[in-house]
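Visitor: Letter by letter, the chains look like this.
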Amino acid sequence: MKTRSYKEFDYFEHWTRRDFLKKTGTWAGVGLLQPVLSLIGQGKSIAAAYPDEVLSIEKYTKGRIKPGMIISKENVELIKDIAPEGLVVELQRGAQIKIAETTMRPEAKVPRFWLEATLRNKGQAVLDSKGQLWHKGGGPWTGGFPFPEPKTALEAIWDFSFSPRRYDTLRVVYTENHVDTNGTLVRHDSGLFGQIQSVGRLVVDPKPVVPKYKDELHRVILSLNEPFDSYGLGVLTTVYYDGSRLPDTDLYIPALRRTRRVPSTQRFEPSSPYSVSYATDFDIQGDPVLTWSWNLAGRKPMLGPSPSNLGARAKGAKREDFVFPDFPDKFPRSTWELRPEMILLDGVPHLPGANYSRKRVYIDAIYLITELADIWDMAGKLWKFLFFIWGDTGVPDTPDLTGIVFADLQRDFHSNVSFHNRIGDYTFLVNSPELETDNWATPSAMLRRARH
Amino acid sequence: MRQAKLLIWGLIILFATTIQSTAWSQYTIGPFEITGFYQYTVDVPTEHANPNNSACLSFIVGPFKCSPGLQKKRGKPDFLLMRQLLDVNIFGKFNENWSVTFEPRLFFDMTKIVDNHFRQYESLPDRFPGNGWMLRGGGNDFKAEMWQAYGDYRSGNWWVRLGKQQIAWGEALGLRVLDTVNPLELSQNLSTDRIFEEFDRVRVPQWFARVDYTIANDTIPDLTTEFILNPGIVVPTLLPPQGSPFNVVPAFLNIKNNVKQGEPTVGGRVTGTVDPMQFSLNFVTKPNDDAIGVSRGVNLPACLFPVLPPATPCVLLNGNHPRIYIVGGSANYNWTSAGAVLRAETTVTPNAPFSANTAGTPVKIVDRSVWKTVLAVDRPTYVIPGLDSMTIGFQFFETYTGGKKAGLTDATGAKVDSNVHIFTVFFQQPLLEKRISLEFFGLFDTDDAHWLQPGVHWEIGNHARLDLFYNKFGGAEKRGSRFGSNLDFVNGPFFRFTWGF
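Line order of the protein sequences matches chains R and Y.
Quick note on numbering: the numbering used here labels position 158 of the first sequence as 158, and the sequence is numbered without any gaps.
Quick note on numbering: the numbering used here labels position 95 of the second sequence as 95, and the sequence is numbered without any gaps.
To be clear, the hints were calculated from the coordinates, so they are not data collected in a lab.
On a predicted model such as this, the values are computed, not experimentally measured, just so you know.
Where hints are given, some of them may not hold.
[As the list claims (entries may be wrong)] Okay, derived cross-link-like pairs now, DSBU-like style, lysine-lysine, Cα gap no bigger than 30 Å in a straight line: (1) K478(Y) - K434(Y); (2) K136(R) - K151(R); (3) K93(Y) - K315(R); (4) K364(Y) - K404(Y); (5) K73(Y) - K472(Y); (6) K434(Y) - K381(R).
[As the list claims (entries may be wrong)] Residues of chain R placed beyond 10 Å of chain Y at every Cβ, according to the derived structure: (7) E77; (8) M104; (9) K212; (10) Y213; (11) R260; (12) Y274; (13) K318.
Note that the Cβ used here is the ideal one computed from N, Cα and C, for glycine as well.
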């Protein structure tokens with residue numbers, strides 16, 4: 001029997017031939033056997049929701065890709081049909097990834113309290129005629145995934161954007177390396193990122209809404225530590241519940257010794273010198289949901305980052321561990337796995353100054369988070385690849401981001417972010433009552449917490 | 001020869017710092033984070049000598065140019081400033097409630113070493129009673145000071161900051177309307193530094209207790225009251241010494257700065273948000289920063305024979321700092337549909353002091369009410385296709401002085417107008433992923449005075465920053481309180497190399 005080379009291999013063709021769609025009725029396009037949520041509710045493995053073929057990369061690729069295998073420019077063709085376009089380009093240029101078994105535990109990337117709230121609140125979310133998310137009883141959504149089995153693009157993006165980090169309050173410490181095309185580290189930033197949810201709060205009182213801030217989704221705080229001339233710079237972003245309203249931005253600028261409100265329209269330009277990331281790229285989709293239009297482009301099994309990528313929290317990790325170790329590399333090595341169902345959303349921005357023609361967001365249908373996006377410029381040429389990694393933070397039942405890659409594929413330039421549990425006096429903190437809006441996320445709070 | 005040597009040394013330092021290994025992150029010692037920068041600045045004049053250094057007065061011939069006057073050598077100097085500065089920020093956080101900040105600065109002013117146009121003068125002088133509280137010491141060229149030193153206590157809705165600190169209020173940038181709590185140190189920066197950095201390097205920190213309390217309520221988010229008290233450690237506006245490159249006091253004049261210690265500065269403000277507006281209501285009372293001159297006679301020999309010696313002043317003034325009261329407020333509005341933020345700021349000083357002159361001699365201080373208002377708009381705009389948006393800021397500033405103005409002069413000795421109107425524009429166009437910024441600041445006084453500052457700011461990696469700017473003052477307006485041709489002696493480029501850590 002003649003064996004086709006991987007260059008001839010087309011997984012989509014293979015997939016279609018097996019005709020899962022016909023076998024599994026009208027559930028999602030990847031052949032869902034039963035709803036994932038009901039399995040989670042019964043404490044069962046999500047493996048029962050999908051055919052075996054999409055739970056094992058080895059079976060899915062007929063043995064051509066196996067867990068433990070390293071994918072590089074030498075064999076990138078093997079994965080080109082199950083990977084975002086940006087990842088393929090990165091691999092062709094020298095990136096390397098390791099393949100792992102598919103993770104079956106939703107709580108690997110979603111905290112348990114969030115899953116429980118999803119079960120509790122199932123069926124209570126509605127979208128109005130403008131696409132705005134509400135609770136069926138009126139008022140803002142009360143927490144958990146509003147649409148655990150999303151049928152439309154808008155439902156899927158609301159699932160993620162309502163509370164991208166899931167926690168009522170969050171504080172993380174990060175370092176960011178900007179690496180040029182030659183692999184040279186050209187700049188290093190560090191700071192603190194915080195997010196305080198105003199609605200959909202599940203753990204920290206007041207729940208589910210902070211009455212004073214009921215018109216807001218959340219507030220985001222960014223406080224920079226490096227480089228020296230950014231030391232003490234604070235950025236406060238107020239994201240409104242109204243998905244069509246642009247956020248408010250206040251800065252604490254050390255040189256001015258005061259806070260200053262600024263327009264928040266500069267969303268499609270570097271967030272800092274050298275940076276690949278734009279404000280619109282934060283959390284993959286940093287703009288309010290309804291300032292973009294969304295289309296469901298498909299559902300299919302695809303590669304996604306493994307929760308085993310501990311990033312900088314993996315103390316002593318080496319490059320060959322493939323856990324997104326904290327080295328100032330152009331291509332930090334990471335581990336990927338076959339995800340049984342990825343929802344492909346195409347978003348088009350409708351904001352002034354937008355220089356993206358399209359962004360394809362890949363939402364993992366089990367985790368209902370997005371870790372991957374490809375972005376095309378106005379000429380339709382692939383421009384950026386965003387890669388956000390969720391994983392184990394070392395704190396029990398507290399999965400969160402462990403790393404980010406912002407890759408400018410046209411300039412071959414990277415901004416790579418690592419998250420840490422502690423730098424200096426900053427510590428990783430979630431669902432802490434200490435992180436209160438009035439104490440952390442107001443102009444006067446920025447002033448009194450200023451370091452310079 | 002000396003110039004060449006110093007320039008070479010400057011370049012060597014630049015090179016040596018650039019080739020150091022890239023060790024990231026700031027230094028930490030126990031709970032202290034240490035950041036800061038070394039900066040080498042060269043400011044070169046392109047037009048003419050400072051006329052104030054050669055402005056003599058004779059009772060026989062009247063005002064005349066006594067060149068070289070207070071300079072050692074006549075003519076345009078080669079440098080306005082050649083300075084090395086080390087500015088260190090030490091932040092120590094002991095727990096969530098307590099922290100301390102220290103900001104020592106070391107200056108080495110090489111201007112008069114490299115430029116033999118100048119006689120010896122004291123760089124960064126602080127000659128007034130009570131100057132010990134400035135924590136500044138050194139000689140004519142080298143100065144060390146504890147610029148800021150304060151402790152913070154935060155607990156719940158309370159925040160207390162005690163110590164030597166800057167307090168900045170208001171919305172306007174580069175125009176001091178509400179931002180008048182602290183005086184300015186102008187002895188090396190007559191508004192000629194990079195305007196984007198505003199007053200941070202020259203707003204003199206004073207000894208204050210600053211107490212903030214955020215009032216919990218459901219109506220006005222972030223409603224915060226602030227009380228400030230300086231028990232009476234007074235610092236006036238610090239001017240360049242006579243004979244120095246930036247001198248603004250004519251050579252024939254001597255001003256004795258009568259700074260009365262023990263005069264407190266007391267104030268407060270209320271800030272909050274009423275969506276979509278943020279507001280502040282402010283009050284402060286303090287001794288006037290600028291000295292208001294009152295005659296204490298003449299030095300007759302110097303007025304008869306002013307050139308022998310040239311530095312002997314003819315007219316003697318007492319510089320007084322009467323108490324003033326300032327009330328005002330500010331607001332901003334996020335005009336989302338226009339992608340702009342609108343700002344307004346206003347103050348009324350009912351007893352702003354002026355000199356009342358008789359026959360050209362300031363004989364007493366009188367009060368007039370002064371109303372200052374700024375209206376501003378900031379709007380990022382995509383001007384050049386394919387580039388990031390340009391930050392565009394526009395400000396309109398009006399100063400209205402009430403009452404009779406005949407015979408009145410201000411702190412600079414200039415006649416007072418009822419209305420002064422100023423427009424400012426600021427453009428910042430980032431290039432190359434914001435590594436380079438092209439900047440332009442323009443200030444236009446409707447009485448025909450202008451100050452233009454185009455420049456380039458370049459960020460190189462984590463540590464190096466380069467600035468090349470040009471200052472251009474001009475126009476027919478020559479009064480000392482305006483930004484016109486009275487300042488054209490500082491026209492020229494300035495270059496800064498900064499190495500941060």
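Visitor: For each hint, tell me whether it holds in the structure or not.
Guide: Status of the hints after comparison with the structure:
{"no.": "1", "hint": "K478(Y) - K434(Y)", "in the structure": "violated (38 Å)"}
{"no.": "2", "hint": "K136(R) - K151(R)", "in the structure": "holds (18 Å)"}
{"no.": "3", "hint": "K93(Y) - K315(R)", "in the structure": "holds (26 Å)"}
{"no.": "4", "hint": "K364(Y) - K404(Y)", "in the structure": "holds (15 Å)"}
{"no.": "5", "hint": "K73(Y) - K472(Y)", "in the structure": "holds (24 Å)"}
{"no.": "6", "hint": "K434(Y) - K381(R)", "in the structure": "holds (23 Å)"}
{"no.": "7", "hint": "E77", "in the structure": "holds (32 Å)"}
{"no.": "8", "hint": "M104", "in the structure": "holds (39 Å)"}
{"no.": "9", "hint": "K212", "in the structure": "violated (5 Å)"}
{"no.": "10", "hint": "Y213", "in the structure": "violated (7 Å)"}
{"no.": "11", "hint": "R260", "in the structure": "violated (8 Å)"}
{"no.": "12", "hint": "Y274", "in the structure": "violated (6 Å)"}
{"no.": "13", "hint": "K318", "in the structure": "holds (20 Å)"}
In summary, the structure is inconsistent with hints 1, 9, 10, 11, 12 from the numbered list given earlier, while agreeing with the others.
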